[in-house]
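S.K.: Since the structure of chain A is provided, determine the placement of chain B on it from the hints.
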Amino acid sequence: MISRVSWCLFLAAALSHLTLAPAQAYLDPSMGSFIVQAIAGTLLAGGLILKRYWHWFKHKLLRPGGKGDQELDEQ
Amino acid sequence: MSNETRIKSSFRDPSGYVFREDGRVRRRLASAYLPHYRKLMGSGLYVKLTEKGLLVSHKELESGDSFVVIEPEQVPFISHPYEWCFSMLKDAALATLRVQELALEHGMVLKDASAYNIQFLHGKPVLIDTASFETYVEGEPWIAYGQFCQQFYAPLVLAASVDARLGRLCLLDTAGVALDLAAALLPLKAKVNPAVLLHIVTQAKLSSPGGADGRKAPPRVDKLALTAIAANLREAISGLKAAGDEKSRWADYYTTCTYSDEATAAKTAFIESCLDRAAPALVLDLGANTGRFSKLSAARAIETVAMDIDCWCVEGMYRQAREEGSRHLLPLVQDAMNPSPAIGWALSERESLFERGPADLVFALALIHHLAIAGNVPLPEIAAVFARLARHLVIEFVPKGDEQVQSMLRLRKDIFPAYDSEAFLAAFARHFELVERAPLPGSERELFLMRLKGG
Numbered sequence: 001m002i003s004r005v006s007w008c009l010f011l012a013a014a015l016s017h018l019t020l021a022p023a024q025a026y027l028d029p030s031m032g033s034f035i036v037q038a039i040a041g042t043l044l045a046g047g048l049i050l051k052r053y054w055h056w057f058k059h060k061l062l063r064p065g066g067k068g069d070q071e072l073d074e075q
Numbered sequence: 001m002s003n004e005t006r007i008k009s010s011f012r013d014p015s016g017y018v019f020r021e022d023g024r025v026r027r028r029l030a031s032a033y034l035p036h037y038r039k040l041m042g043s044g045l046y047v048k049l050t051e052k053g054l055l056v057s058h059k060e061l062e063s064g065d066s067f068v069v070i071e072p073e074q075v076p077f078i079s080h081p082y083e084w085c086f087s088m089l090k091d092a093a094l095a096t097l098r099v100q101e102l103a104l105e106h107g108m109v110l111k112d113a114s115a116y117n118i119q120f121l122h123g124k125p126v127l128i129d130t131a132s133f134e135t136y137v138e139g140e141p142w143i144a145y146g147q148f149c150q151q152f153y154a155p156l157v158l159a160a161s162v163d164a165r166l167g168r169l170c171l172l173d174t175a176g177v178a179l180d181l182a183a184a185l186l187p188l189k190a191k192v193n194p195a196v197l198l199h200i201v202t203q204a205k206l207s208s209p210g211g212a213d214g215r216k217a218p219p220r221v222d223k224l225a226l227t228a229i230a231a232n233l234r235e236a237i238s239g240l241k242a243a244g245d246e247k248s249r250w251a252d253y254y255t256t257c258t259y260s261d262e263a264t265a266a267k268t269a270f271i272e273s274c275l276d277r278a279a280p281a282l283v284l285d286l287g288a289n290t291g292r293f294s295k296l297s298a299a300r301a302i303e304t305v306a307m308d309i310d311c312w313c314v315e316g317m318y319r320q321a322r323e324e325g326s327r328h329l330l331p332l333v334q335d336a337m338n339p340s341p342a343i344g345w346a347l348s349e350r351e352s353l354f355e356r357g358p359a360d361l362v363f364a365l366a367l368i369h370h371l372a373i374a375g376n377v378p379l380p381e382i383a384a385v386f387a388r389l390a391r392h393l394v395i396e397f398v399p400k401g402d403e404q405v406q407s408m409l410r411l412r413k414d415i416f417p418a419y420d421s422e423a424f425l426a427a428f429a430r431h432f433e434l435v436e437r438a439p440l441p442g443s444e445r446e447l448f449l450m451r452l453k454g455g
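Protein chains in written order, with the working numbering: chain A, 1 to 75; chain B, 1 to 455.
Source of the hints: derived by calculation from the structure; they are not laboratory data.
One or more hints might be untrue.
One side only, chain A facing chain B, incomplete, derived with CB under 8 Å [said to hold, decoys possible]:
hint, residue
1, Ser30
2, Gly32
3, Ser33
4, Phe34
5, Val36
6, Ala38
7, Gly41
8, Thr42
9, Gly47
Sample of chain B residues at the chain A side, in silico, Cβ under 10 Å [said to hold, decoys possible]:
hint, residue
10, Ser43
11, Ile143
12, Gly146
13, Ala225
14, Ser352
Derived DEER-like restraints, expressed as beta-carbon distance ranges [as the list claims (entries may be wrong)]:
hint, chain 1, residue 1, chain 2, residue 2, range
15, B, Pro341, A, Arg63, 54 to 60 Å
16, B, Ser238, A, Arg63, 39 to 45 Å
17, B, Asp173, A, Arg63, 48 to 54 Å
Ideal Cβ placement from N, Cα and C applies to all residues, glycine included.
With the rest of the complex left out, here is chain A (with noise of 0.2 Å):
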């Protein structure tokens, strides 16, 4: 079934800006970057899901029998 993980990936992201550990690295981020990160990932991640939903209905409609959840999710 697609994206059920996604859905909760999604969730998840939007869900759980919960703090961290900072990051053991060498090069000096900005908080800003972290943040715009955090906002737009979560934007991005939704309309990447909702993008994915968007195509799965249209092979449904469109295509009935036409390509499969699992070939749809590899792409």
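M.R.: Showing chain B alone in chain A's frame:
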């Protein structure tokens, strides 16, 4: 005894370092990095990336409990992002994002997204930093996101929205184009684009003093969100086109030619004979224009760097080489009057053009009058500089009577009494021995093959 010499730019990342040994570039991976390296190799990511030509392949030379030494496929000529034309930077950006997407699929992430980690190998952008991968930790933001935007997205958007030459802004700062600077330079029309608004304007605002509170712990960003960010950047970058990229621009380059067919044939024959004599492994073509003569050496599988000051010439060469699948031609934006300097920490992080030479053979075709007349550089100075760049030199002397020089002198005083064939030969004889000379039919121009003395 080891003759290992550490590459000067390799000091930032504690994961290891790059060094030169026995004339080969190698990488030592440190103990702390080995779990990530093992995951790269064991997860199927390395195979996937190398199959797709996105990551440089390597062989393991030594492997111990606390270190691994690898030898990557050698890159014939290191280029810097500020020397790339628009499409090269764009292709490098898309390759980086594809690597990030595939890394995420394999439970890893790019821990840096430096444009300097991309090199053009066999005509394609490839990640050369095998130690750029880290095991993905659920919920961690992409630490290299800001770096990617500064080194790729901001210069590309500026080149697309303002002027194609703005990719050169990367020369000002090895970290790339500061996002607040990009936001200040971009027109309103560009800033209202959702991707620009998000990745440049908002990020610049939140990263500025008084923006986000840096004392708080970072927010969670899930894997799907990271995938979506990479996909969004990829879509945004795919749609970018350099400002002023119109068909008419290309038509001029391919139809304007100052040589007769006979002269072109003679010049081609002379260059072919020089390639036979010098048998170079690396050719630098200074002032390559559309790359007509660079292609002669590239066609012989000789690594050829075709340089021109005009970003549109370089753009044209790159697109054509990409279409033709050329594996040995590297077009670069380079001003012979102001070649790439050494920049970065201790002025040794990114090498100057001279430090990346000398080349076995340098072409300086229809170039000398631009340096001597337009640039006012005395002939002995030109000869001295070429001696630092070339073991062999194919040079075309364009005399004062030539139509091109006459046109240059039309609006200015002739202050070049010493610009003639005799003075030219005397200046170059200090550094080079003359191997061959040939007149160019239908003109007063002459071609010379020279060999560096003691070279």
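S.K.: Each hint should be assessed against the structure and marked as holding or not.
M.R.: Do the hints match the structure? See the list:
Because the smallest distance between the Cβ of Ser30(A) and any Cβ of chain B comes to about 4 Å, under 8 Å, the interface hint for this residue holds. Because the closest C-beta pair between Gly32(A) and chain B is about 3 Å apart, less than 8 Å, the hint holds. With a cut of 8 Å, the hint placing Ser33(A) at the interface with chain B holds, because the nearest CB-to-CB distance is about 4 Å. With 8 Å as the threshold, the beta carbon of Phe34(A) comes within range of chain B, its nearest partner Cβ sitting at about 4 Å, so the hint holds.
Because the closest C-beta pair between Val36(A) and chain B is about 5 Å apart, less than 8 Å, the hint holds. For the restraint placing Ala38(A) at the interface with chain B, the shortest Cβ-Cβ distance is roughly 4 Å, inside the 8 Å limit, so the hint holds. Here the hint on Gly41(A) is kept, as its CB sits about 3 Å from the closest CB of chain B, short of 8 Å. This hint holds: Thr42(A) has a C-beta 6 Å from the nearest C-beta of chain B, less than the 8 Å allowed.
Hint on Gly47(A) holds. Least Cβ distance to chain B is approximately 7 Å, under the 8 Å limit. For Ser43(B), the interface hint is violated, since its Cβ never comes within 10 Å of a Cβ in chain A; the closest pair sits about 18 Å apart. Of the supplied interface hints, the one on Ile143(B) holds, with its beta-carbon coming within about 5 Å of a beta-carbon of chain A, less than 10 Å. The closest approach between the C-beta of Gly146(B) and any C-beta of chain A is roughly 4 Å, which is under the 10 Å cut-off, so the hint is satisfied.
Among the interface hints, the one on Ala225(B) holds; its C-beta lies about 3 Å from the nearest C-beta in chain A, closer than the 10 Å criterion. The beta carbon of Ser352(B) is not positioned within 10 Å of any beta carbon in chain A (closest approach about 26 Å), and the interface hint is therefore violated. Judged by the Cβ atoms, the range 54 to 60 Å given for Pro341(B) and Arg63(A) holds: they are separated by roughly 59 Å. For the hinted restraint 39 to 45 Å between Ser238(B) and Arg63(A), the CB-CB distance of approximately 27 Å leaves it violated.
Roughly 51 Å separates the CB atoms of Asp173(B) and Arg63(A), a value that falls within the hinted 48 to 54 Å.
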